[in-house]
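The listed protein sequences derive, respectively, from chains A and B.
Residues in the first sequence are numbered consecutively from -10, following this note's numbering.
Residues in the second sequence are numbered consecutively from 336, following this note's numbering.
Possibly wrong hints are sitting among the right ones.
The list that follows gives simulated cross-link-like pairs (lysine-lysine, DSS-like), each with its CA atoms no further than 30 angstroms apart [unchecked claim]:
no., chain 1, residue 1, chain 2, residue 2
1, A, K77, B, K456
2, B, K442, A, K77
3, A, K77, A, K125
4, B, K442, B, K349
Derived by calculation from the structure, the hints in this document are not laboratory data.
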Amino acid sequence: MMKRLSYHLNLIRTLSLIDFKLKYYGTFLGILWSLLKPFLMFLTLYIIFSKILQLKAQHYAYQLLLGIIIWNFFADFTKEAMKSFKSKYQILNNIKVNPLDIILVVLGHSLLSFIINLGIFFIILNFELPISFNLKYFLLILLFLIFFSLGVSLIITPFYLRFSDVEHIWDVILQLLFWATPITYGVSFIPQKYIFLHLLNPLSITINSLRSIIIFKELPIVREILFSFGLTFCTFIVGLLIFQKLTPKFLEYL
Amino acid sequence: MNVIEVEKLTKIFKIPHEKKSTLFEYIIGFLVKSNSYENLYALNDVSFKVKKGEFIGIIGKNGSGKTTLLKIIAGIIKPTSGKVKVNGSVAPFLSLNFGFHGELTAKENIYLYGSLLGLSKEKIKQNIEKILSFAEVEKFQDTKLKNFSSGMVARLAFSVMIQTNPDILLLDEIFAVGDKDFVPKCLEVFKKYKKEQKTILFASHDLEMVQSFCEKTLLLENGKIRAFGPTKKVIDIYLNS
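Next up, chain B with everything else stripped away, as it sits in the complex (with noise of 0.2 angstroms):
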C-alpha cells in the first residue's frame, strides 16, 4: 500500500531581481516597468511512491529541495503544480526552532505546541507526566524556556510529537542540534516505528545515519530527482558526482 504518491510535482519562487516589500516601490517598479522576477525551481517534475513502513531517506546540496518537498507533503505550502496524495496523518518535525515560545515555561510550551499538532487539551493533561519524563525534564516544567539548553527544547518537541502517534513522520535535519541525549531518544523511537510499520520521511546531510536506518533514499539535485532506491547505491552515486 503507497502511503505517499508524489507526482509530477513542481514547485517555483518568483525571485524579484529587485526586491520590492513597499506598495511605493512596487508603483515605482511598474512605472519604469521593472517589476521583473527570475523563476526558481526548487522542485522539478518529482515523482515517487512511498510504500507503508518503509523509511526513507532524503539527501542532496543545500538548495537541491529537500526541504521544500517535505513543507509540500505536510501541507505548510502548495505547490505550483503535481499532486501529492498522502494517505494517514502527517506529524511535521522541520526544524527545532518551531512554534515554542521562550516567555513560556515548559508545560505552557506543551499546551501550546501540542494543540498546533492536533492534540486536544485532555489528552495533553493526560499524557503531561509522560511527555516531561520523556524529555526529561521533569524537574524543569515551570521553568522559561528560553533556559533550556538547545538539547532539551529539541527532547521537548520530539516528546511532544510523538504523542500525536502519527502514521508518517516527517524530519528535516533533526540532528544538527548535537545533544548527545536526543540522538538515542529519537532512534529509540524510530525502532518501535519500525515494528509498528509506520513511515519515516528523513532528510539529512548526514550520510551515516541515513544509511544505518534508511532502506530506500531519494538523492535531489536542483530540483530534479537524480537517483531513487536502495540507500547504498544511491549514496555511492552522490558521493561520486
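So that you can see chain A by itself, here it is in the shape it has in the complex (with noise of 0.2 angstroms):
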C-alpha cells in the first residue's frame, strides 16, 4: 500500500517537474513566461476597465490581479488536461500508466504556476496592505478550487478523446465563464436577480471568499462556503466517475 503510493507520489512529482521545465523551453524568456502572461492579462484589463470605462472599486488593481490569478489556474489546467493524454501518447501506449496519475501531473504542474503567481501578487500586495489574514479559510477554499478544476478535467477530458471538438467547445465555454465571474468586476455590481449564478459557480464563490480574506481581511459568508463545497464535491464525484468508466474505452481513439 504505501510502496503503491509512493510509486504514484514519485511518478507525478518527476513528470510534473520535467513537463513545467519543458513548457518554457526554447523560449527566450523561458519560466518568466510563467509570470509574465497573468501580468499581462492585469494590464490589459487594467487599463481597459480602470482607465477607460471608469470602474470605481476600492482596490481594484489587487482584486483584478487575484481574480486573473485564480482564473489563470482553473483554465490553464482544464485545458493542458484535456490534451495530456494526446501529448503522452508515446508514454501511454507501451508502459502501465494509471491514466488518473497523467490528469494528476497536469494538476502538478498548474499548481507550482499558481503556487509561483501568488507568491509574486503577495509580494505586492505588502506594499500597500499588511499580509495578515485567515490561513484556515485561505487554505480550505484552495482545497475546493483544486478539487473543483480536477472535477471539471475529468468530465472534459474523456470526451476530448474521443471528439475532437470538444477542444474548441471547451474555449468558447471558458470565454463565457470568464466573463460571467466576477474576475473584472466585484459580486456587488450583480443585480440582485442574477445572484443565482454568483452561488452556481465555485469560481466566483472563489475569487469573491479569497478576496474577503486577502484584500479587505474579512471572513468569507459561510452560507457561499457550503454552497462552493456541495458544488465542488458533486462535480469531483461526478468527475470522476465518468473518468473511470469512460477513459479506458476512449484511450483506444488516440
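Using the hints, put the two chains back together into the complex; each one sits in its own frame.
Here it is in C-alpha cells:
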C-alpha cells in the first residue's frame, strides 16, 4: 500500500517538474513567461476597466490581479489536462500508467505556476496592505478550487479523447465563464436578480471569498462556502465516475 | 509454476467504416444512421501458459496479434473478454520510441523513464552511473537526447529497464534498430536472466534470433494460436504455411 502510494507520488512529482520545465523550454524568457502571462493580461484589463470604463472599486487593481491568477489556474489546468493524453500518447501506448496519474501530473505543474503567481501577488500586495489573513479559510478555499478544477478536467478529458471538437467547445465555454465570473468586476456589481449565477459558480465564490480574506481582511460568507463545498463535491464525484468509466474505452481512439 | 496464464483471451477493435473524430460528424452519422463499424479480432480465443524461467518466442505475420497480446499482458490495454494472470513484476519493452523526450538530457530522461517504470528517485540516483556506463553514454549524460543515435537511445532505454529487475520481460521487435553494440548487450543480459530463472516473451520477425534463444514458440495467425510448442517445430510450420 505504502509502496504503491510512493510509486504514484514519485511518478507525479518527476513528471510534473519535467513538464513544467518543458512548457517554457526554448522560449527566450523561459520560466518568466509563467509570470508574465497573467501580468500582461492584468495590464490590459486594468487599462480597459479602470482607465477607460472608469470602474470604481476599492483596491481594484488587487482584486483584478487576484481574480486573474485564480482564473488562469483553472483555465490552464483544464485545457492542458484535456490535451495531456494526446501529448503523452507514446508513454500511454508503451508503459502501463494509471490515466488518473497523467491528470495529476498536469495538476502538479499547474499548481506550481499558481503558487509562484500567488507568491508574486503577495509581494506586490505587501507594499500597500499587511499580509495577515485567516490561513485556515484560505487553505480550505484553495482546496475547493483544486478539487473543482480537477473534477471539471476529469469530465471533459474523456470526451476530448473521443471528439476532438470538445477543444473548441471548451474554448467557447471558458470565454463565457470568464465574463460570467466576477474577475474584472466585483460580486456587488451583479444585480440581485442574477445573484444565483454567483452562487452556482464555485469559481465565483472562490474569487469572492479569497478577495474578502486577503484584501479586505474579512471572513468569507459561510453560506457561500457551503454552496461551494456542495458543488465542488458533486463535480469531483461525477468527474471521477465519468473518467473511470469512459477513459479506458476512449483511450483506444488515440 | 506458471508465471503467465492466458485464458480465452479476445480483443476486438471496432473499426468504423468512416472515421468520425468530431462530434459534428458523429451527430450527422447518427441522424443518417451510418455509424456502422466492423469488428476486427486482434486476438481470438487465445489460451496458453508460460512456466517460470521459460523464454517464449512469438511469431506471426504483421497484424497477427503479437503486439496486442504483449500489450494486454503488460496491462497497457484491456481485453474485450478473457483473463490474464501474471505472477511477478513485468517490464514491457515494446518499442524504442516511448516516454523519452528529445529536448531533455540523457540524465533527465533516465529520471523520466525510471519513474514511469516504478523506480524511486533514490534508486535512480544510486544507480545512475551504472545505467550510463552500461549504455556506454557516460560522456553524453548532459547531452540532449535529440542528438543521440537510435542505437544510443535503445541502449539507454534497455539499461534503465533492467534496473527494475523484472521477473518477466516483454520484448517486441527490439532489434529492428540495427545497432551493432545493442544486440550483444541484450544477449548478455538475457543469458544472465536465463540463469536467474526469469521469463521472457519475445515477439519478433527475426526467426534466427527466436531459434537461438527461445525453447518454445507461439505462432499467431489472424489473432488465433496456430501452433505452440518447441521452437524448431513451430518455425517449420510457419515457413511451410
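We went through each hint and held it up to the structure:
1. A distance of roughly 21 angstroms separates the Cα atoms of A/K77 and B/K456; the hinted pair therefore holds under the 30 angstroms criterion.
2. The suggested pairing of B/K442 with A/K77 holds, with an alpha-carbon distance near 20 angstroms, which does not exceed 30 angstroms.
3. A distance of roughly 37 angstroms separates the Cα atoms of A/K77 and A/K125; the hinted pair therefore is violated under the 30 angstroms criterion.
4. Straight-line distance between C-alpha atoms of B/K442 and B/K349 comes to about 40 angstroms, which puts the hinted pair past the 30 angstroms bound.
Hint check: violations occur at hints 3 and 4; the rest are consistent with the structure.
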